[in-house]
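Engineer: Each chain, letter by letter, is given below.
Number of protein chains: 2
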Amino acid sequence: MAINFGNFFNSGSKKSKLGDFQDLEHVDGVSISTTSANLYNNERDDLVMFYFRKGAEHASVYTQSKIISENIKWNLNLKNKKINALLINTRNANVFTGKKGYQGLKDIAEELSARLSEKQKKDEEKPAKIKPNEILFGCTGTIGEKFPTEKIKKNISELVDKIKYTQNKYIWTKAALGIMTTDLVPKLAMEECKIGNANIKIYGIAKGSGMIFPNMATTLGFIFTDANISSNVLQKLLRKNIETTFNAITCDGDTSTNDMVSIFSTGIAKNHKIKNINDLKIKDFNIALHSVLLNLAKRVAADGEGASKFITVCVKNAKTQEDAKKVAFSIANSPLVKTAIAGEDCNFGRVLMAIGKSDVNINLNKLLIKFGDIKIVEKGQLSNLYNEDEAKEYMKNEKIELYIDLGIGQKSFEVYSMDFTKKYIEINADYRT
Amino acid sequence: MAINFGNFFNSGSKKSKLGDFQDLEHVDGVSISTTSANLYNNERDDLVMFYFRKGAEHASVYTQSKIISENIKWNLNLKNKKINALLINTRNANVFTGKKGYQGLKDIAEELSARLSEKQKKDEEKPAKIKPNEILFGCTGTIGEKFPTEKIKKNISELVDKIKYTQNKYIWTKAALGIMTTDLVPKLAMEECKIGNANIKIYGIAKGSGMIFPNMATTLGFIFTDANISSNVLQKLLRKNIETTFNAITCDGDTSTNDMVSIFSTGIAKNHKIKNINDLKIKDFNIALHSVLLNLAKRVAADGEGASKFITVCVKNAKTQEDAKKVAFSIANSPLVKTAIAGEDCNFGRVLMAIGKSDVNINLNKLLIKFGDIKIVEKGQLSNLYNEDEAKEYMKNEKIELYIDLGIGQKSFEVYSMDFTKKYIEINADYRT
Numbered sequence: 001m002a003i004n005f006g007n008f009f010n011s012g013s014k015k016s017k018l019g020d021f022q023d024l025e026h027v028d029g030v031s032i033s034t035t036s037a038n039l040y041n042n043e044r045d046d047l048v049m050f051y052f053r054k055g056a057e058h059a060s061v062y063t064q065s066k067i068i069s070e071n072i073k074w075n076l077n078l079k080n081k082k083i084n085a086l087l088i089n090t091r092n093a094n095v096f097t098g099k100k101g102y103q104g105l106k107d108i109a110e111e112l113s114a115r116l117s118e119k120q121k122k123d124e125e126k127p128a129k130i131k132p133n134e135i136l137f138g139c140t141g142t143i144g145e146k147f148p149t150e151k152i153k154k155n156i157s158e159l160v161d162k163i164k165y166t167q168n169k170y171i172w173t174k175a176a177l178g179i180m181t182t183d184l185v186p187k188l189a190m191e192e193c194k195i196g197n198a199n200i201k202i203y204g205i206a207k208g209s210g211m212i213f214p215n216m217a218t219t220l221g222f223i224f225t226d227a228n229i230s231s232n233v234l235q236k237l238l239r240k241n242i243e244t245t246f247n248a249i250t251c252d253g254d255t256s257t258n259d260m261v262s263i264f265s266t267g268i269a270k271n272h273k274i275k276n277i278n279d280l281k282i283k284d285f286n287i288a289l290h291s292v293l294l295n296l297a298k299r300v301a302a303d304g305e306g307a308s309k310f311i312t313v314c315v316k317n318a319k320t321q322e323d324a325k326k327v328a329f330s331i332a333n334s335p336l337v338k339t340a341i342a343g344e345d346c347n348f349g350r351v352l353m354a355i356g357k358s359d360v361n362i363n364l365n366k367l368l369i370k371f372g373d374i375k376i377v378e379k380g381q382l383s384n385l386y387n388e389d390e391a392k393e394y395m396k397n398e399k400i401e402l403y404i405d406l407g408i409g410q411k412s413f414e415v416y417s418m419d420f421t422k423k424y425i426e427i428n429a430d431y432r433t
Numbered sequence: 434m435a436i437n438f439g440n441f442f443n444s445g446s447k448k449s450k451l452g453d454f455q456d457l458e459h460v461d462g463v464s465i466s467t468t469s470a471n472l473y474n475n476e477r478d479d480l481v482m483f484y485f486r487k488g489a490e491h492a493s494v495y496t497q498s499k500i501i502s503e504n505i506k507w508n509l510n511l512k513n514k515k516i517n518a519l520l521i522n523t524r525n526a527n528v529f530t531g532k533k534g535y536q537g538l539k540d541i542a543e544e545l546s547a548r549l550s551e552k553q554k555k556d557e558e559k560p561a562k563i564k565p566n567e568i569l570f571g572c573t574g575t576i577g578e579k580f581p582t583e584k585i586k587k588n589i590s591e592l593v594d595k596i597k598y599t600q601n602k603y604i605w606t607k608a609a610l611g612i613m614t615t616d617l618v619p620k621l622a623m624e625e626c627k628i629g630n631a632n633i634k635i636y637g638i639a640k641g642s643g644m645i646f647p648n649m650a651t652t653l654g655f656i657f658t659d660a661n662i663s664s665n666v667l668q669k670l671l672r673k674n675i676e677t678t679f680n681a682i683t684c685d686g687d688t689s690t691n692d693m694v695s696i697f698s699t700g701i702a703k704n705h706k707i708k709n710i711n712d713l714k715i716k717d718f719n720i721a722l723h724s725v726l727l728n729l730a731k732r733v734a735a736d737g738e739g740a741s742k743f744i745t746v747c748v749k750n751a752k753t754q755e756d757a758k759k760v761a762f763s764i765a766n767s768p769l770v771k772t773a774i775a776g777e778d779c780n781f782g783r784v785l786m787a788i789g790k791s792d793v794n795i796n797l798n799k800l801l802i803k804f805g806d807i808k809i810v811e812k813g814q815l816s817n818l819y820n821e822d823e824a825k826e827y828m829k830n831e832k833i834e835l836y837i838d839l840g841i842g843q844k845s846f847e848v849y850s851m852d853f854t855k856k857y858i859e860i861n862a863d864y865r866t
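Line order of the protein sequences matches chains R and V. In this text, residue positions in the first sequence follow the working numbering: the first is 1, and each later residue adds one. In this text, residue positions in the second sequence follow the working numbering: the first is 434, and each later residue adds one.
By construction, these hints were calculated from the structure, which means they are not laboratory data. Any given hint could be a false lead.
Keeping only pairs whose Cα atoms sit at most 25 Å apart, straight-line, the calculated DMTMM-like set for lysine to aspartate or glutamate is [as the list claims (entries may be wrong)]:
(1) V:K579 - R:E390
(2) R:K326 - V:D792
(3) V:K808 - R:E390
(4) R:K99 - V:E821
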């Protein structure tokens, strides 16, 4: 469970299955601090704070689960969209903790807002009084355990003391490491774009990967930009772009009680404020935001528990996007497909099975299946070009692409996933034995 | 892959996780013969024939997959409901075999009906001419491989020569073994009941368990009775009873292209023929049929690939049966719940997660969760009586019962499943390496 930060920084390795990490530097108006509240009974960082000294516009999307964590309830109750800080803790999901879990967040928000108000007085020309309901929370970890309010509260002053107004790649990596649970690698991504003449940065971190108690791996994603965009537009941009990014990944088809993806804009880039989703000036921003979200989402899928391979399932030419999505997820969630890929078995029979069970009407005679560039099924028959040895060779890759052309429409959907290995069972079954 | 029949018969062990096998003897009008067509390149039985010398009324339910095997297409095309024989082959699913796969069945049906017609002439006072479209097929095995028409055809005479008119427990067990693929134990069940004054037998065999190529484990179930019931009523009885039996089991949420459950009634018991589903005289038969189907379905779930534990998920007091079913399957199909149970971890957090993601509206304050008799969650809170040591002890059992009371309605649904072990991954990933 413990993550050896020393090793990560010293190994010199910044590789994941998806290639090198990008170096994140500074986004105007965003400060980061991290500390250990000893939640894991060791010194790893388990509290990560993002502080917006001038405040930030904000939008979030949350888990669709009918059972949600206390912090998501807290976040949903915030009336004003202006946020001054985001506090994330690991080790405890604050789920099934009832009124005490919620009260804990209130206590921490009061402490944090008081400390930040003091800091405003010290550092700012026009100090703001920061209110508890300007604090947003992210929680991830065990379900049903008492929320460690006191342990966290005791460390708030230190978090505030550590705030620096210029960030660098080390503090971003520490933040990405600090929100990890069973993740093996931190997840960071960035893009730059323009809104009008203003140069805009979009930075993001995330953690995975579809699991909860006792192995604690809610999906969390946090995006930070210096662009000047209203929270209303942020919400629309996030909703629109989440569908084909964070909502297009699956590890095991399970959903956490704590999933959240948030975006914060500090507005310091001083572009003319975007208040309308149809404003043509956000075209580039929209593309760059999608790219950051997709990059992070893929990293979450690639680091799914026990994963040995990163899988892309691309379904083309369905009648509706909904149909394409159903077929893609039916394949990506199938334990039989996922175990076959783990075994490097070019098992198109299981892909066929998963297409068949997806409850989407297909025309077998128009079906095309490729694994990478290798044509396997064409017009509903085994392709004449199919060579099993070539396919076997392909299955040895770390990235596997399944390409399904239904040939009956024009809509498509792409899903990102990982394989199912013995390691997955080990992590999730043998953990306490 | 090869099943050692000798071992099974000699071991003296007739135990499965669900207890002893029942001994099936004779059902009037049903003859069984089995042989090896060398489909596995060894001598295990791979062809099983049920012959109805006086014909049988028949009804079937088939896979809901949009991609179906050639034998299911054949069966759906049969116009008349009177059946004279059922032929089941293993090793080849006859899926994705196109026109040749279908033509193969036609060739075999012609050969078999000709041989059976000859036998009728020899043995019967009023010999019937048996037609190819009075033959039903069950296929299970690899998808996308050439269907071995010639190998099967060559063995038809032997199957017909071997027919005996009195059956015993050995031939029933041979039949149940002969239709197995990756199953570890044969699955047999029986009940006796009355229709009016007539004594009725209901016998059945089945195989599991949710998997296909290359591990070949379609679900097949075949029920045989001497009752005199019209095919129309059989169809209604089967549809009604399948919902809470074969449609209430899940191994990995995957669906085969070949699933089928059929019932055959020879009518020799001479009860007054049942032609109406509302006839009160079939009340007992209905109960006994449900019992046979449930018994077989549970055996299929208990023998799911790699299973170490048999899991019952009972959801009570939902608003609708559909809701209860959704919650039950969400739990039973969750890889996280299944791996936790494999690890003997009393992980109610994952059960909560699975309830939450089922998309059913619940009232957390009314939720009750028990593992066996151990109360864990009550009124949405961890029960005061909850003792983790006691729960850990319970998780060592081979049969695990998860009991979820939603407390917001009166409808319930029960689902049967197995755990997810490293063995599952081994069977499905490492098979060819």
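Engineer: If a hint holds in the structure, say so; if it does not, say that too.
Structural biologist: Hint-by-hint comparison with the structure:
1. Only pairs whose Cα atoms come within 25 Å are accepted, and K579 (chain V) paired with E390 (chain R) is accepted, the gap being roughly 20 Å.
2. Restraint check for K326 (chain R) and D792 (chain V): the C-alpha separation of about 16 Å stays at or below 25 Å, so the hint holds.
3. A distance of roughly 55 Å separates the Cα atoms of K808 (chain V) and E390 (chain R); the hinted pair therefore is violated under the 25 Å criterion.
4. Between K99 (chain R) and E821 (chain V) the CA atoms are separated by roughly 23 Å; this keeps the pair inside 25 Å, and the hint holds.
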